[in-house]
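Novice: Chain by chain, the residues:
There are 2 protein chains.
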Amino acid sequence: MSFRIIRKQEFDKARAAGGDWATRLELFAAMCRYNALVAVKKAGSGHLGSSFSAADIITYLYLEEMNVLDVGFDSDDRDVYFSSKGHDVPGFYSLLYALGVVSEEKLLMLRRLHGLDGHPEARIEGVESSTGSLGMGISKAKGFAIAKNYKKAGGRVFVMTGDGEWQEGQIFESLQAAAHQKVSNITAIIDHNKYQTDMLVKDVNNIEDIRAKAEAFGWHVQRVNGHDYAALRDSIKAADSDERPSLIIADTVKGKGVSFMEDPVTDASGRAYYKWHAGAPDDDHFYKGLVELRKTIVALAEKLGVEPIDAPEFEIEAKTSSKATKEFVAQHYGDALVELAKTHDRFMVMDGDLSADCKLRDFEYAYPDRFIENGIAEQDMASTAGGLALMGIVPVVNTFASFLAARANEQIYNNAGEGTKIIWTCHYAGLIPAGPGKSHQSVRDISLFGALPNVTIVQPCNGVEAKALTEYCVVEAKENCMMRLNIGPSPETIQLPDDYELKVGHGTALTDGDDALLVGYGPVMLHEALLASRYLKEVGFGLKVVNMPWLNRPNAEWLAETVKPYKNIFVVEDHSVVGGLGDWLLNSLNENDALGDRKFRKLGIYDYPECGTPWEVLDYHGLDGMSLAKTISGDDALDSKIDAGEVEKKYTADAPQ
Amino acid sequence: MSFRIIRKQEFDKARAAGGDWATRLELFAAMCRYNALVAVKKAGSGHLGSSFSAADIITYLYLEEMNVLDVGFDSDDRDVYFSSKGHDVPGFYSLLYALGVVSEEKLLMLRRLHGLDGHPEARIEGVESSTGSLGMGISKAKGFAIAKNYKKAGGRVFVMTGDGEWQEGQIFESLQAAAHQKVSNITAIIDHNKYQTDMLVKDVNNIEDIRAKAEAFGWHVQRVNGHDYAALRDSIKAADSDERPSLIIADTVKGKGVSFMEDPVTDASGRAYYKWHAGAPDDDHFYKGLVELRKTIVALAEKLGVEPIDAPEFEIEAKTSSKATKEFVAQHYGDALVELAKTHDRFMVMDGDLSADCKLRDFEYAYPDRFIENGIAEQDMASTAGGLALMGIVPVVNTFASFLAARANEQIYNNAGEGTKIIWTCHYAGLIPAGPGKSHQSVRDISLFGALPNVTIVQPCNGVEAKALTEYCVVEAKENCMMRLNIGPSPETIQLPDDYELKVGHGTALTDGDDALLVGYGPVMLHEALLASRYLKEVGFGLKVVNMPWLNRPNAEWLAETVKPYKNIFVVEDHSVVGGLGDWLLNSLNENDALGDRKFRKLGIYDYPECGTPWEVLDYHGLDGMSLAKTISGDDALDSKIDAGEVEKKYTADAPQ
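Heads up: the protein sequence lines correspond to chains A and B, in order.
In terms of my numbering, the first sequence is residues 1 to 657.
In terms of my numbering, the second sequence is residues 1001 to 1657.
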């Protein structure tokens, strides 16, 4: 393994150092930042900006304030800490490693299967609560605190929130209820680093003045420099001695500790733009960051008179990135919106602080008067869309599927019941990318929309279909639409026939084969389906793969015709086996007595989605091409009979780019 | 029809009167209250307390402020008004009737099929938006206002909220976003009548100081007497001239205009308790209220010098209420919690301002330290439960199914992913009672929980099963449980065999029969299923009815055995046909190749749930006993072959009470 981190014993050395206590903490925090940078670089993704802004706060809490290392994580009397935003978890894992809670092996398995999830998971030692979807933390802290009171246990509850997170209404529910219920043993800390995803909080959806707000909600509020340990100490002392629940607004710098990560740039519209929210830095920036942190560490160690800290220098092999430009289905969707806007003036686009990820920036710049950036407030966004629709506008509402389908579910029901038309675009649908973990992976969205009688659910498999479906949804559809989009680059560009035409309720065959039928959708699962068909072809098993973009509106006649020649029918999806396309097809076949004695099997997610690399996670869930091929053929030894690598190469070479 | 209302021409007379404008409005509002009282009495239920507190505000808006009667409801330039809380709709319908928007026939069909829904529905002329689930209104108003700006249309947007409603976090999302987006053409008005369901807002979950809160969120705020027309006029003028979105806190009296409805009583714990939130008054109180309002009307008319207003005196036939005491399944659940608490100290009970409806008051009084009243803040409640569970407590979380399953869905997912155990009790599940309309009817809850891999979903059919399942969920279950409870009185007490024992995954036969199998659950649908079997027996058709309380955990072997003798299998549910028990049974049969050539049909909700009386709505959805019997037997003329009334009588006489 070429990645190296600062070892636990170096942290012990730093903690044992004499000299100024604040300098000791500063050194410890810099070392945590160093390891977080390595872990994220190795993982290939992760949130450094807020890991760095929060590092001094958690360093102070665990080294100076909390009793948990003494009494243990199982003690009811422990001080509890967790981060509500959860994005800052690479920094937190680094701290847990430094404290001996998490192993070196695990830290270098950030975002890997059986490693450390991309957002906090309660199953990991030292992690008190699963988080990552925003706004839940103070409520959960309230639960911890009430349980402590009921059990007459000691210990305080600290919860870190982001600042953009304060756009979530649940925060204010929790402030109000905590004050009313007189839950005094909570201290919430805002890592107020001023930036949410990539823009200033004040540009997205200004949350100022937090102090006045929280005070109006009956909380004790202080504002301090979140990089000043003495100030943090004093503020927590003051919080402890107040009868009310306490909020500490900690002013911090996003990316703190690595100079180039502290500086925003300017985007095309002249706004401040922050580049280091998520994602691993390229090799140059990675080394530059390491060098800078190493310098800081050396200087602080010297200042404290500690023996030199081993902050390892090492070289990693530059990754050879594939030259081929991968397709992003969502980009075609975003382009289609820009194109449609030229001729259709009755739709508007809404976003929940994910404009860049949702490929909406071009629309945002081109049609600022038709673009509503609503911040991280999905319920408000959904109901605002409802109001727009009642006034004859077709709102096209965008955010990640997990947040839209679940958090705004009742608002979506309310709107749909009004008989207006709204397009709900669920980005980051499905299992992959799997690095961010289950707070972000969306495998329930179809089921969450499914019982709404007037919503058509679709998912395009490639750019062509994305454009066609966008036009269908925005212009042609008579009812609400939910569009499911994979967020990552398509593993391969799915090829539709030259004479492809979008036809409601109909799928399109991608391969021919006589031995079994496999229906799927979206670029991620269709790629695996195609892999399966290619593997199986090697052993003479003909698998017909059908792309079915209409997830809840199968045309019964087409479906009956399509399954007719087959004894074995499979449906594959990056969604729960409950409530997905499989259930819709099974029901259609059953209702129309078209199933007969055919075997119909659903291949999808049976458990919570796992974190890891795409291949790890697809394999874990039995949804990678080889697992599919084995399941479909019933041949468990298939992998020993063919050279999967050779098969893949053959088709990659053949594929048009 | 024995119910009579004040006719439209009387309102015209009042509006045309000379004299003091405020007195004229007062008269008009009193007349609206009169009609609201009649409409609610006729409907048998409805919200009078907040209809009366809000009456002066809407009277002022429509008679003095808004342009909508001149420009029409289709004009983009109209002033828009709607109520976010929606409970005040009997008063609003009365106003719409008085203004000639809604017909007399409709007003007297409050809460009836094809009449006026128990909460506002956008399909009704004059109703701008469907509401009734709390907290969405200001967001929707923002949508109206933004659309007006985009269309360069005139007109303002007024939205009424309740005060308890300010416990919902979405309110604060909408305040924040509206201020940031500089949506100035919104005026929100709080009908601040101090009481939520039946308790003081300040006792449930104090929202004070609203002024400080809303100001901190960047809104222009005023506080006025909501029964003082001049003060309302001045405040709206001030709101119009301010650049910010505006909030008017209108202090009102719940039940205003009928003296005995203005007064709270005291509950067993010494708290103020308000009796007139929902439900129709008994005959005595009804006449007493009418007499008082008539006196007010006469006095005001005299003062204005208007000819006497015809506020009709009439007698209604006293309803002969059935002597039999009906079973409330939820009461047995509530009793079971009290009983279990004696021997199990590790569970706590949470409530979202529906303690009485959820039959939790006994628990609340008996175990105040284990009861958390969280107010109308479902997301906070769900995540607080998550925190409790992480500390080893089993939280039993209660509110209406619609609000819990949908609004807190992401929070429930987050908790469930932590592997803790929480009981989610979804009260008011299903179609019936149908009077409150689709905001309250819950026909998606199973589908919303279905794709969570570690939640067992159950529904008891009677008190015995309710107790057994409560103990199972709280004590025995190893995973999360969702318990679905019908809220109304059971139409008949479902009789389980004497040797009944709860067995995971197994159903229980209620009748025998060789010709078809019908699986159902819960007292409402099983009653209809039993009716169907009784009707069919008359024509020699044997229908086996099976109670299946395990909605997503069928035991495959038991199911295969149960269906084996039948060619025709039906599942009936007061849930969407998507994602309910039917899908779970179909999947189990399919996976285990146990379906064969049997016909399997799902009988459930295909569209949005309709409003009306139980029979109207069951019939509308084809789910009443006769419709079921016809569908199952395929005999469309069944009703002409038997005397359904006689059949029912026979079984009612037979049934043990």
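If you're looking for bench data, these hints aren't it; they were derived computationally from the structure.
Note that the structure is predicted; figures quoted are calculated from it, not measured.
Ideal placement from N, C-alpha and C gives every residue a C-beta, glycine not left out.
Incorrect hints may appear among the rest.
What the hints assert, rightly or not - Chain B is nowhere near these chain A residues, computed Cβ spacing over 12 Å in every case:
(1) Ser129
(2) Phe172
(3) Glu173
(4) Asp643
As the list claims (entries may be wrong) - One-sided excerpt, in silico: chain A residues whose CB lies under 10 Å from chain B:
(5) Lys148
(6) Glu168
(7) Thr197
(8) Asn206
(9) Phe260
(10) Pro264
(11) Val265
(12) Val338
(13) Gly387
(14) Leu586
Said to hold, decoys possible - Output of the computed footprint for chain A on chain B, the stretches with three or more beta carbons under 8 Å from beta carbons of chain A:
(15) 1047 to 1055
(16) 1061 to 1072
(17) 1108 to 1119
(18) 1221 to 1231
(19) 1244 to 1256
(20) 1400 to 1409
Novice: With reference to the structure, classify each hint as holding or not holding.
Specialist: Results of checking the hints against the structure:
1. Ser129: Serine 129 of chain A not clear of chain B: closest Cβ-Cβ about 6 Å, inside 12 Å.
2. Phe172: violated (4 Å)
3. Glu173: violated (4 Å)
4. Asp643: holds (34 Å)
5. Lys148: holds (7 Å)
6. Glu168: holds (7 Å)
7. Thr197: violated (16 Å)
8. Asn206: With a closest approach of 5 Å, the asparagine 206 of chain A hint holds.
9. Phe260: With Cβ-Cβ at 30 Å, over 10 Å, it is violated.
10. Pro264: violated (20 Å)
11. Val265: violated (23 Å)
12. Val338: violated (18 Å)
13. Gly387: holds (2 Å)
14. Leu586: Result: holds, 6 Å to nearest chain B Cβ.
15. 1047 to 1055: Three-residue rule not met by the region 1047 to 1055 of chain B, so violated; n is 0.
16. 1061 to 1072: violated (count 0)
17. 1108 to 1119: Contact hint for the region 1108 to 1119 of chain B vs chain A: violated, 0 residues under 8 Å.
18. 1221 to 1231: With 0 residues close enough to chain A, the hint is violated.
19. 1244 to 1256: Violated - the region 1244 to 1256 of chain B has 0 residues with a Cβ nearer than 8 Å to chain A, which falls short of three.
20. 1400 to 1409: Coverage by chain A holds for the region 1400 to 1409 of chain B (5 residues, Cβ < 8 Å).
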